[in-house]
Amino acid sequence: QAVAEAVQDLFMTPRFRVYANLDVVGVELGAALKNVIALSTGISDGMGYGDNTRAALMTRGLTEIKRLGIALGAQSQTFAGLTGLGDLIVTCNSMHSRNRRAGIMLGQGHSLTEVLHSIGMVVEGVETTKAAYHLAARLGVEMPITNQIYRVLFEDLSPPVAVENLMLRLKKHELEEVAQEGV
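In our numbering, the protein residues as written are 1397 to 1579.
Calculated from the structure, these hints are not laboratory results. Each statement offered as a hint is correct.
Each pair of labels, with its calculated beta carbon distance range: (1) Thr1455 with Glu1560: 17 to 25 Å; (2) Gly1444 with Glu1510: 16 to 24 Å; (3) Lys1568 with Gly1516: 36 to 44 Å.
Remember, it's a predicted structure, so these values are computed and weren't measured experimentally. In this text, a Cβ means the ideal position worked out from N, Cα and C, and glycines have one as well.
The whole structure should be built from the sequences, with the hints applied where relevant.
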């Protein structure tokens, strides 16, 4: 707590506000996994889907991030904060996001090789997708959006088939996880 507050004091200015969070696992997962979801929203945008689809992917994507985080010992409320929801919103909506731009190009039919060459910088979500996919499989955590992004990136699944796979999943109640957590 003392170290977090010291770092907070070090960086805070009248124009830059810093919030401390002691949930290191949750903060790290939120910061990394938002890039996977940004790839998905970019693909959606590249395919011509609209704001409602982006919002649905962000919302369900946050559920996936939270699900994996809880399995790894993170606090669920961390994902409602700046390193969860806040970072997810900006990364999935900004044209400055390399992950969203990469997703747009994938959604337009470009190969991963073409996308990475065109962007010319690291697209963190690519390797993060691979790590999250394998970690979720090992832990038995359901991450359907992440699974489809993995298949698009590494198994040459076409984005339209990935969308179809997501849409044809069994129906469920939106708040099933909340009910299971006892919240």
